[in-house]
Amino acid sequence: MVTASKSAKSSTAKASLAKRPPWGLSKRAFAISAVAVLALAALYWTNAGSAAGKFNFQVGRPGPGELAPPIRLGSPTFGTFNLADYRGKTVLLYFQEGLMCPPCWEQIKDIERNIKQFQDLHIEQIVSVTTDPAELLQKQKATYKIDTPVLSDPDLAVSRAYSTNKYGMMGGTHNGHSFIVVGPDGRIQWRADYGGAPDYTMFVPAKNLLADLRRGLGKE
147 MVTASKSAKS STAKASLAKR PPWGLSKRAF AISAVAVLAL AALYWTNAGS
197 AAGKFNFQVG RPGPGELAPP IRLGSPTFGT FNLADYRGKT VLLYFQEGLM
247 CPPCWEQIKD IERNIKQFQD LHIEQIVSVT TDPAELLQKQ KATYKIDTPV
297 LSDPDLAVSR AYSTNKYGMM GGTHNGHSFI VVGPDGRIQW RADYGGAPDY
347 TMFVPAKNLL ADLRRGLGKE
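Whatever position you read off the sequence shown (first residue = 1), add 146 for the working numbering.
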């Protein structure tokens with residue numbers, strides 16, 4: 147015979163169990179939360195780390211100490227850029243894949259957000275070079291709202307002179323992800339080709355790029 151007291155306890159226990167989520171659901175929620183935490187940690191690690199050498203790069207030719215090949219290219223909003231006009235100044239050249247590479251354009255935005263730190267390294271002008279037509283570059287600049295001049299090198303004349311088309315994933319038809327510092331005397335001071343095999347890197351956080359620059363320029 148079940149007493150009233152035992153019946154009440156049984157009802158309370160059942161109600162308590164009914165309020166608990168199924169164990170499978172709890173495990174699923176925990177797994178989702180864990181993945182989210184790991185993703186945020188990875189994002190933080192990628193963007194917060196500023197150590198030099200975090201992203202592998204090669205050094206192509208012409209390299210440090212060599213004269214920078216001439217550049218005279220058009221830009222949709224900047225007019226004609228002539229590297230010879232910048233003798234006496236330090237210029238950072240950024241050769242990138244172009245329209246098909248959204249991270250390459252985010253790279254420019256990230257550089258612009260940290261422009262003061264590049265200026266602290268005495269870099270007075272930054273220009274980007276792609277193999278895309280000038281009229282399409284104008285639309286892309288407007289889409290990404292960037293101020294950095296983007297030069298059009300459709301026949302790859304300049305890109306081949308700097309061999310930056312050898313460090314990408316497009317079989318030599320486009321640039322990869324290369325940065326070259328040309329000093330006041332017209333000679334290359336530092337070079338990093340990030341876009342080559344096996345990593346094919348198409349975005350380097352500005353903090354890491356600056357760290358590599360400081361090390362390469364001897365300004366750590």
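Think of the hints as simulated: they come from the structure by calculation, not from any bench. Think of the CB as a built atom: it goes at the ideal place given N, C-alpha and C, for glycine as much as any other residue. There's no promise every hint is true.
Claimed, not checked - Once the Cα atoms are required to be at most 27 Å apart in a straight line, the calculated BS3-like pairs of lysine-lysine come out as:
(1) Lys235 - Lys262
(2) Lys200 - Lys255
(3) Lys200 - Lys353
Unchecked claim - Derived DEER-like restraints, expressed as beta-carbon distance ranges:
(4) Thr319 - Pro249: 17 to 25 Å
(5) Glu281 - Gly211: 35 to 43 Å
(6) Lys235 - Gly364: 13 to 21 Å
Status of each hint after checking the structure:
A hinted pair counts as satisfied when its Cα atoms are at most 27 Å apart, and Lys235 with Lys262 qualifies at roughly 16 Å. Between Lys200 and Lys255, the direct Cα distance comes to roughly 20 Å. Compliance with the 27 Å bound is thereby established for this hinted pair. For the suggested pair Lys200 and Lys353, the alpha carbons sit about 10 Å apart, so the restraint of at most 27 Å is met. In this structure the supplied range 17 to 25 Å holds for Thr319 paired with Pro249, their Cβ-Cβ distance being about 18 Å.
The given range of 35 to 43 Å is respected by Glu281 and Gly211, whose C-beta atoms sit roughly 37 Å from each other. A beta carbon spacing of about 19 Å between Lys235 and Gly364 agrees with the range 13 to 21 Å that was offered as a hint.
Comparing the model with each numbered hint stated earlier shows that all of them hold.
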